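Enquirer: Okay, here's what each chain looks like letter by letter:
There are 2 protein chains.
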Amino acid sequence: MRAAKRTAQATPESLHRIFTIAEAPDSTLGVIEQEMSQNLAGFLGNHIVATKNALTDIEQDFIDAQIPEQPAFVSDHMDHLLDKLVAQSVHTSSPSFIGHMTSALPSFILPLSKLMIGLNQNLVKVETSKAFTPLERQVLGMMHNLVYQQDEEFYQAWMHSAKHSLGAFCSGGTVANITALWVARNKLLKPDGDFKGVSRSGLFAALQHYGYKGLAILVSERGHYSLKKSADILGIGQESVIAIATDENNKIDCKKLAEKCQQLAKENIKVLSIVGVAGTTETGNIDPLEQMAAIAQQYQCHFHVDAAWGGATLLSNKYRPLLKGIELADSVTIDAHKQMYVPMGAGLVIFKDPESVAAIEHHAEYILRKGSKDLGSHTLEGSRPGMAMLVYSSLHIISRPGYEMLINQAIEKAEYFADLINQHDDFELITKPELCLLTYRYAPKVVQKLLTKFSIDNDTEALSAINLLLGKLTKFIQKRQREDGRSFVSRTRIEVARYNGEKVIVFRVVLANPLTSKAILNDILAEQCLLAQESENFLPQLLSAAS
Amino acid sequence: MRAAKRTAQATPESLHRIFTIAEAPDSTLGVIEQEMSQNLAGFLGNHIVATKNALTDIEQDFIDAQIPEQPAFVSDHMDHLLDKLVAQSVHTSSPSFIGHMTSALPSFILPLSKLMIGLNQNLVKVETSKAFTPLERQVLGMMHNLVYQQDEEFYQAWMHSAKHSLGAFCSGGTVANITALWVARNKLLKPDGDFKGVSRSGLFAALQHYGYKGLAILVSERGHYSLKKSADILGIGQESVIAIATDENNKIDCKKLAEKCQQLAKENIKVLSIVGVAGTTETGNIDPLEQMAAIAQQYQCHFHVDAAWGGATLLSNKYRPLLKGIELADSVTIDAHKQMYVPMGAGLVIFKDPESVAAIEHHAEYILRKGSKDLGSHTLEGSRPGMAMLVYSSLHIISRPGYEMLINQAIEKAEYFADLINQHDDFELITKPELCLLTYRYAPKVVQKLLTKFSIDNDTEALSAINLLLGKLTKFIQKRQREDGRSFVSRTRIEVARYNGEKVIVFRVVLANPLTSKAILNDILAEQCLLAQESENFLPQLLSAAS
Numbered sequence: 001m002r003a004a005k006r007t008a009q010a011t012p013e014s015l016h017r018i019f020t021i022a023e024a025p026d027s028t029l030g031v032i033e034q035e036m037s038q039n040l041a042g043f044l045g046n047h048i049v050a051t052k053n054a055l056t057d058i059e060q061d062f063i064d065a066q067i068p069e070q071p072a073f074v075s076d077h078m079d080h081l082l083d084k085l086v087a088q089s090v091h092t093s094s095p096s097f098i099g100h101m102t103s104a105l106p107s108f109i110l111p112l113s114k115l116m117i118g119l120n121q122n123l124v125k126v127e128t129s130k131a132f133t134p135l136e137r138q139v140l141g142m143m144h145n146l147v148y149q150q151d152e153e154f155y156q157a158w159m160h161s162a163k164h165s166l167g168a169f170c171s172g173g174t175v176a177n178i179t180a181l182w183v184a185r186n187k188l189l190k191p192d193g194d195f196k197g198v199s200r201s202g203l204f205a206a207l208q209h210y211g212y213k214g215l216a217i218l219v220s221e222r223g224h225y226s227l228k229k230s231a232d233i234l235g236i237g238q239e240s241v242i243a244i245a246t247d248e249n250n251k252i253d254c255k256k257l258a259e260k261c262q263q264l265a266k267e268n269i270k271v272l273s274i275v276g277v278a279g280t281t282e283t284g285n286i287d288p289l290e291q292m293a294a295i296a297q298q299y300q301c302h303f304h305v306d307a308a309w310g311g312a313t314l315l316s317n318k319y320r321p322l323l324k325g326i327e328l329a330d331s332v333t334i335d336a337h338k339q340m341y342v343p344m345g346a347g348l349v350i351f352k353d354p355e356s357v358a359a360i361e362h363h364a365e366y367i368l369r370k371g372s373k374d375l376g377s378h379t380l381e382g383s384r385p386g387m388a389m390l391v392y393s394s395l396h397i398i399s400r401p402g403y404e405m406l407i408n409q410a411i412e413k414a415e416y417f418a419d420l421i422n423q424h425d426d427f428e429l430i431t432k433p434e435l436c437l438l439t440y441r442y443a444p445k446v447v448q449k450l451l452t453k454f455s456i457d458n459d460t461e462a463l464s465a466i467n468l469l470l471g472k473l474t475k476f477i478q479k480r481q482r483e484d485g486r487s488f489v490s491r492t493r494i495e496v497a498r499y500n501g502e503k504v505i506v507f508r509v510v511l512a513n514p515l516t517s518k519a520i521l522n523d524i525l526a527e528q529c530l531l532a533q534e535s536e537n538f539l540p541q542l543l544s545a546a547s
Numbered sequence: 001m002r003a004a005k006r007t008a009q010a011t012p013e014s015l016h017r018i019f020t021i022a023e024a025p026d027s028t029l030g031v032i033e034q035e036m037s038q039n040l041a042g043f044l045g046n047h048i049v050a051t052k053n054a055l056t057d058i059e060q061d062f063i064d065a066q067i068p069e070q071p072a073f074v075s076d077h078m079d080h081l082l083d084k085l086v087a088q089s090v091h092t093s094s095p096s097f098i099g100h101m102t103s104a105l106p107s108f109i110l111p112l113s114k115l116m117i118g119l120n121q122n123l124v125k126v127e128t129s130k131a132f133t134p135l136e137r138q139v140l141g142m143m144h145n146l147v148y149q150q151d152e153e154f155y156q157a158w159m160h161s162a163k164h165s166l167g168a169f170c171s172g173g174t175v176a177n178i179t180a181l182w183v184a185r186n187k188l189l190k191p192d193g194d195f196k197g198v199s200r201s202g203l204f205a206a207l208q209h210y211g212y213k214g215l216a217i218l219v220s221e222r223g224h225y226s227l228k229k230s231a232d233i234l235g236i237g238q239e240s241v242i243a244i245a246t247d248e249n250n251k252i253d254c255k256k257l258a259e260k261c262q263q264l265a266k267e268n269i270k271v272l273s274i275v276g277v278a279g280t281t282e283t284g285n286i287d288p289l290e291q292m293a294a295i296a297q298q299y300q301c302h303f304h305v306d307a308a309w310g311g312a313t314l315l316s317n318k319y320r321p322l323l324k325g326i327e328l329a330d331s332v333t334i335d336a337h338k339q340m341y342v343p344m345g346a347g348l349v350i351f352k353d354p355e356s357v358a359a360i361e362h363h364a365e366y367i368l369r370k371g372s373k374d375l376g377s378h379t380l381e382g383s384r385p386g387m388a389m390l391v392y393s394s395l396h397i398i399s400r401p402g403y404e405m406l407i408n409q410a411i412e413k414a415e416y417f418a419d420l421i422n423q424h425d426d427f428e429l430i431t432k433p434e435l436c437l438l439t440y441r442y443a444p445k446v447v448q449k450l451l452t453k454f455s456i457d458n459d460t461e462a463l464s465a466i467n468l469l470l471g472k473l474t475k476f477i478q479k480r481q482r483e484d485g486r487s488f489v490s491r492t493r494i495e496v497a498r499y500n501g502e503k504v505i506v507f508r509v510v511l512a513n514p515l516t517s518k519a520i521l522n523d524i525l526a527e528q529c530l531l532a533q534e535s536e537n538f539l540p541q542l543l544s545a546a547s
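Keeping their order, the protein sequence lines are chains A and B.
For the first sequence, position 221 matches number 221 in full-length UniProt numbering, and the numbering has no gaps at all.
For the second sequence, position 526 matches number 526 in full-length UniProt numbering, and the numbering has no gaps at all.
Source of the hints: derived by calculation from the structure; they are not laboratory data.
All figures in this text were calculated on a predicted structure; none of them were measured in a lab.
All the given hints hold, so there is nothing to weed out.
The list makes no distinction among identical chains, and a pair is therefore deemed to hold if it is satisfied within one copy or across any two copies.
Heads up, simulated DSS-like pairs for lysine-lysine below, C-alpha to C-alpha not over 27 Å straight-line:
| hint | residue 1 | residue 2 |
| --- | --- | --- |
| 1 | Lys472 | Lys163 |
| 2 | Lys196 | Lys270 |
| 3 | Lys475 | Lys373 |
| 4 | Lys196 | Lys213 |
| 5 | Lys187 | Lys213 |
| 6 | Lys190 | Lys213 |
| 7 | Lys270 | Lys190 |
| 8 | Lys163 | Lys479 |
| 9 | Lys84 | Lys163 |
| 10 | Lys52 | Lys163 |
| 11 | Lys475 | Lys163 |
| 12 | Lys373 | Lys503 |
Let's have the full structure, built from the sequences with the hints guiding it.
Expert: Below you can see the structure in the form of structure tokens.
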């Protein structure tokens, strides 16, 4: 920290200076950047996940709604950020932060990001992005190829065609899902005779014209919340998202899906889209995509696959078969900022048919003129950064076999962790890993036996009582562990088939960080055991109930 | 360029290495970053706007849809990027690139961006963003304060309240406008008795319940194309966006707006929102917001202001009065990546009423639990980067008076350029600058006189013939200038009141780059004169028509 607070002043000269790029590494800004880089490296190299500071305390540092009347020196402001922001942020790339879908980033990402931001291209149009436009189209081609594996002729024909697009880049999976369902909606309720289509005339006129009583989106009960959000935004309504039950492996029950399709057809409710999940957010499981595609085919509806998480698994030849049937989808969501190890803000939706995007085409006079190759005519967003470059570079520097190693390692690490939990006296595995996600909870073996007994006896009341105590204990451990800041697992509530479908609170882990070692996993369980011992309220009650 | 192509191989060790942050500046990556930084500084310091390479040629470098089976060395890949991407990108920050809303960035942005990307926070929830959450809420508070100027008590009450939000960060103005109209739609068609609201039950049921024949969004004919896109996405339909005529200053005609409101009311079409434009994309003009607010009040409809461009002008005490009435808006869109000089990907929508966002609230089990302060429960997007940090830092380092200087300079530069055009024998100013945008075209004074004569005579045919020739000439000059790569102005087509409302092709310039000097503006006109002389087809025809 610098000593006394100096006083800066905005002058035309000082403003001109800050817009002139400092070239020399020994310039003031060069020195500040060097200091910052070292500090950042130190932070990222530290295994602490987060400080103990409570959010309400941190808020006190971010309380002033006044825009400063006094400029700050860059060096002073950098110190302020390191002190108040960085030190109180979450170390999402820590190898012991295994609660969410963030991970360490490859080190080459930092200089490349600086290049991307320095160039400040706007991908909405060629005029502000030039070579970035064909680059993004190539990345869409590569990702299309990853999913659909068409021949070279296909890609030569469509990759750079003005009127076509193999997909759309966007800020994340939510916008990708909205875009996919927007395309599906506009294709279903397309212009027809005098009717100009839902895009121009709206949903009210569209349903009247086509004579449907309503629309439906069918997805398993493990579907991501962004689908309900999409249905809300698109005017279809959240209640149109119909949750289909899953089997004991968290995969959609195709028999129930088919029955629901049949029932809706009788009610004159048109299925807008069947959505398969490839890597559920909570358990990482993959729906039977091939069977779902057949049902979508039978009922002539759009088949979308939300592979925001699982899409990267296609890069592994070993585990690719888990997603069999994805090549039958009309559209697929993949987040590059998840297991493709690109920074936040890189989502993609890929369309099987290069003409699909015509359903959402927009033009304007000063940009996106008809016939231009402007990417903005086929995306939900307008102005967008050149994030595609980071996907392009990662695919080249890591390469497919490199990604395969990362993905295989992650799945095998999850299997190791599942074994560890299964062998441990005090933990219960709730969902076993198909990809690198799993859920478990603290539940001594003696308590587990009791639960099994109650299940067989169908003693719902006793089952619920124990699950409630276990839930409180899990919540207590998860919160304390997060607050202690050495490691982080998340928690959620899921239905467990073997306990009569009761919803229980569980720890949830995502093992995507290549730096997460087996030793760290052992430590995390050990820490949770210690915390359980500290839980004076729940553990004694549990053990007395079990004895 | 490095000489021979070396062969890299993906191994567990090489992968582990790339996920470990290199701390030392003399490490391989440190050296590569140093080289890249110098190259980037060289590129940004160069005044060339773009290379002459045609897009179809550049596409040849981005044609392979195969994901590499062979990893690339970072240094080799960096050379490849510098050669194929950077050298063929557009220099959007060049002082002679005055055709779009991009500008040079302050130099402190680069190290700060690196910090932001290195931390890789996910703002969707507190668990993956901790201090970034209150920081973003503070920035929303500061921007709310900029627009609405409430007292400290107001901000202390709402800024960090879990159930409230003063706005929503998003990737850009399009998502901001969609979010504003989504809120407006859900508030208008809210739950009522047995009806569960449009959010849950959809638009078809909502219109039936409320008995409206349709909805409408009213905006001037200069409104941004994202409003039609919003109407499409939200299920209202593009045709519901009704373009109201503008006066000779490109401002909405409030008499016509009021008449349209009255007419729609008679037809039982409910006005969902009146949208004021504060800084039209093509001409930079600002609608009479105060009068529009009164009309919105009279017809009890949402008043949104699209200040994606003009919002930053609020930072200037001198020019703030141009936006008088914005404080009466229910919602306001501002793009920080425009005249707030933040990199691409920073849009905002601000809501007057902190409870507005309840209309679009979403929850899920594992995140966004009810009562949490997770920002994701009130945004259209899900996972999002910590761009708010760059707005926060810019507001602190530049400060309001610094921004005021930048904005005042830009407007005064535009006035200077307008004078230059007016005094020039060969150019015609089409729209004079209110903010720092203006449009003009190549039209020798003798031709201008002729046009005036034809207008007075109401000789439409002759008027069109000359405008057609002038349009071709403008297009020719604009394309040639872009291709030559020393400077860039954009072009569009706008109606010109004094020529009987005929649509003419014009040059469009945005003078936001602080480094754009008067000398550069002189050079740009000189270059355009030279290009006009080269246009063998149009100029002689024009001059013969005029003689």
